[in-house]
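There are 2 protein chains.
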Amino acid sequence: MSSTTRLRSLNINNVNPHIVEAKYAVRGELAVRSEEYRARLDKGDKSLPFDQVISANIGNPQQLDQKPITFFRQVLSLVEYPPLLEKEDVLLNQLGYKPDVIERARWLLETVGSVGAYSASAGAPGIKESIAKFIERRDGFPADAKDIYLSAGASSGVNTLLHIMAASPNTGVLVPIPQYPLYTASLAVLDAKCVPYYLDESKGWGTDLEAIKAAYKQAVSEGTDVRAIVIINPGNPTGASLSADDVKAVIEFAAQEKLVLMADEVYQTNVFKGKFHSFKRILREMQKADSEKYKNVELASLHSISKGMVGECGHRGGYFELCGFDPEVVEQIYKFVSISLCAPVVGQCLVEMMVNPPQEGSPSYELYKQEYDGIFAGLQKRATALYEAFKQMEGVECDEPQGSMYLFPTINLPPKVIEAAKKEGRSPDEFYAFRLLDATGVCVVAGSGFGQKENTLHFRTTFLAPGTEWVGRITKFHKEFMNEFR
Amino acid sequence: MSSTTRLRSLNINNVNPHIVEAKYAVRGELAVRSEEYRARLDKGDKSLPFDQVISANIGNPQQLDQKPITFFRQVLSLVEYPPLLEKEDVLLNQLGYKPDVIERARWLLETVGSVGAYSASAGAPGIKESIAKFIERRDGFPADAKDIYLSAGASSGVNTLLHIMAASPNTGVLVPIPQYPLYTASLAVLDAKCVPYYLDESKGWGTDLEAIKAAYKQAVSEGTDVRAIVIINPGNPTGASLSADDVKAVIEFAAQEKLVLMADEVYQTNVFKGKFHSFKRILREMQKADSEKYKNVELASLHSISKGMVGECGHRGGYFELCGFDPEVVEQIYKFVSISLCAPVVGQCLVEMMVNPPQEGSPSYELYKQEYDGIFAGLQKRATALYEAFKQMEGVECDEPQGSMYLFPTINLPPKVIEAAKKEGRSPDEFYAFRLLDATGVCVVAGSGFGQKENTLHFRTTFLAPGTEWVGRITKFHKEFMNEFR
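For the record, the sequence lines run as chains A and B.
Counting from 1, one number per residue, gives the positions in the first sequence under full-length UniProt numbering.
Counting from 1, one number per residue, gives the positions in the second sequence under full-length UniProt numbering.
Hint data in this document are derived by calculation from the structure and do not stem from the laboratory.
None of the values given here were measured: they were computed from a predicted structure.
Watch out, some of these pointers could steer you wrong.
Pairs count within a copy or across copies, as identical chains cannot be separated in the list.
Said to hold, decoys possible - As a list, the in silico DSBU-like pairs of lysine-lysine whose alpha-carbon atoms are at most 35 Å apart:
| id | residue 1 | residue 2 |
| --- | --- | --- |
| 1 | K335 | K217 |
| 2 | K23 | K479 |
| 3 | K67 | K23 |
| 4 | K381 | K87 |
| 5 | K476 | K416 |
| 6 | K146 | K422 |
| 7 | K391 | K133 |
| 8 | K273 | K295 |
| 9 | K273 | K293 |
| 10 | K46 | K335 |
| 11 | K258 | K335 |
| 12 | K23 | K258 |
| 13 | K273 | K423 |
| 14 | K43 | K217 |
My request is simple: use the sequences and hints to build the entire structure.
Structure, rendered in structure tokens:
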């Protein structure tokens, strides 16, 4: 290394230090090793103690069991190759396409021109209007297409919003812990401060307003210029689904302290217990009750096609809606998104279909409903099976599944594990996750990748993989692991 | 504004100042106005002096005349809706699909699983291997899939590479002037220094090694830590296509000063005059001749599906290949790209088809060739028509079209224009471009958006719009404009 330092322009000591600092465990060393195992299995390697890798480290439904929704993909096949629209009888009579598929494809093509053309920077106007109508239906309050920005998944929207806010190394953003590491990684890259606030595991990982206030107060006392608060609802990695009162309390706090609310609501349809409460709706209700007090609350709410029953991660689609932002700031957001030209247009079309799926009475409705409900039921079933298994496991505590695609159990590990992990230079939960992968082929993410309270250990697993055989592999491993280190 | 400052978290004075500084004229005020005109025309507004907006400001072929290539889109229709593959006879006999379309779709699906699933962070392995084979065929030297990173268009690749290099406000990158403003905008956002070097208009906008050396020397003497040199070949906005000697000279210089070569080669198939010389090939030739001297040259070469005869901008696909980078730096690049998960998978499939199109003798070849050649001939024809028109225009000087999708004529404007522009607070070329848009509906980009030598004025126009009627609109406007301000 010391020699390459002199030989090349770039070396590890002179590249952007903020990228070097950033951590992104979801696709880190453990994930890389799991891909190596997968490649070995694909090549016929029989030396591994498992015959399949289960990527439970990442919410990637279609890599596992989930089938795409027929209506969406039929429409996409037509927007990709519009000459098919000239063969309506073949589509209808021989390929099983329904008239509303054809109609939607025609409408989308009218809106975007060609899916191979750049759209307007913030997205195709017709698609933004459709999203606005969805938000109106969902929340019961008006929404305006001009406030909507299409993005390449929610990640790109988060990146845009954090970029705008990160004015200096002193800029802080309140981030829930545990959290999806996109937030900490992006803040690290931007050289801004992550101000962690802990979620309350004892209350099903809900927001704890006192913890938020304390984290905020401490950051401000240390001179941090706190600009925003991130809320992930339903939670990632926790799966927690916030009550209306919790949402209200966070808005109240943001209004008081003049913080931007960044509501990551990509799991809004993955709710098994209770009901999703959008920040937008509750903000509008609060504004209706006291306009003067709340009129300038800045809210950015994000959504994605990667999650929910859509699960179209590879298409990279999403949007964010801005409420209450200063028009001059909005101009800067527009300029920033225009530098990357536009979100993938096929992804934009999928966003449109996600928010405006076939309605009751339309020809594609029945199949759509059946597929959608089937995916939902499958997720719930597997979540429950996994939860039941965790309940049986020694030293494992897990909340009842509430939402999102994850469970985030606590693991209480014997002292010998702590020692063994230290020897390998890993945290105990990482040590556990590596051993789990090596023994079973199941790849999860250690809790330390998301942040956790000191002296607590967790891991995050999706419940997307088909069947329950792999759950059995985990239970068996856990038993042996505990016996080994007891 | 003073009041909002106190009301909200974010205002123009406290957001990221580097975004506020960044300029991106390609989608700036002029483009916004052109979209307003388009919307007015769409709503039936008859008060404008034109009945169509021509977006010659952006290389967006499918927004204008260019039809997508049939093979590409047929394959995409199948990967979007794989159940069609079960109806082979319908595809072949009634929809005109050829067997190689079906074969390619099956292969791509095998490679990516589902286009709705995230791929590996740097792209689907099979697609990376296909790209490596293309590079080998193009250059006659081996290429390795592990050095290839799929990206959402070349813009996202540029963003990644500049992110890695931008270690401090003192980091500098040599950028050609005039240039595609992505470079200056990204460097501004990253708070790194753009070190401009002027291209030589008198030599068809070629690279001028003396100018590069002088710019480098001056930057170094001012304490700038120059890390890399960007070369856009064929040029944007200039259209210049570099000779092998020019490429060699730049590599020689980069080797000597230990600079990363960023070769933006997105227009590599848009060459009308001479021949495209890839930096990779010439680097490998130089390494063959003198391994010791050139073995550590760091080259990143970028390509895209948005340009060439593909023109699939909306699908956001591209790749970059790394040569000679330190493995520890490569790890950081990998981590950075993994934070945004993966490039759009349909875009990745298009990259694969771009680099591996139907070959002679395969069923889809004839149509592919006909479409490809037709697009090429159309671009060349329109480029020539535009060039001929510019030659006739008073005070306009333009080089013969060489490559890319643009012409970048010099305009010599009367002193009265300079005065009138000053009154409006615009540069004279912006003033000209606004007047052109207002009078004709043709949207170009003023030379100041790309950078130009002091006391010179230009504009960039694509030659993508169909027909030549709009060229006539420009000539007519120009005549009247010159008469008005003479």
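Hint by hint, here is what the structure shows:
no. : hint          : result
1   : K335 <-> K217 : both (33 Å within a copy, 33 Å between copies)
2   : K23 <-> K479  : within (31 Å within a copy, 59 Å between copies)
3   : K67 <-> K23   : within (31 Å within a copy, 43 Å between copies)
4   : K381 <-> K87  : between (41 Å within a copy, 34 Å between copies)
5   : K476 <-> K416 : within (19 Å within a copy, 85 Å between copies)
6   : K146 <-> K422 : between (53 Å within a copy, 33 Å between copies)
7   : K391 <-> K133 : neither (43 Å within a copy, 51 Å between copies)
8   : K273 <-> K295 : within (31 Å within a copy, 60 Å between copies)
9   : K273 <-> K293 : within (32 Å within a copy, 65 Å between copies)
10  : K46 <-> K335  : between (53 Å within a copy, 30 Å between copies)
11  : K258 <-> K335 : both (24 Å within a copy, 34 Å between copies)
12  : K23 <-> K258  : both (29 Å within a copy, 29 Å between copies)
13  : K273 <-> K423 : neither (42 Å within a copy, 64 Å between copies)
14  : K43 <-> K217  : neither (55 Å within a copy, 53 Å between copies)
Checked against the numbered hints given earlier, the structure breaks hints 7, 13, 14 and satisfies all the rest.
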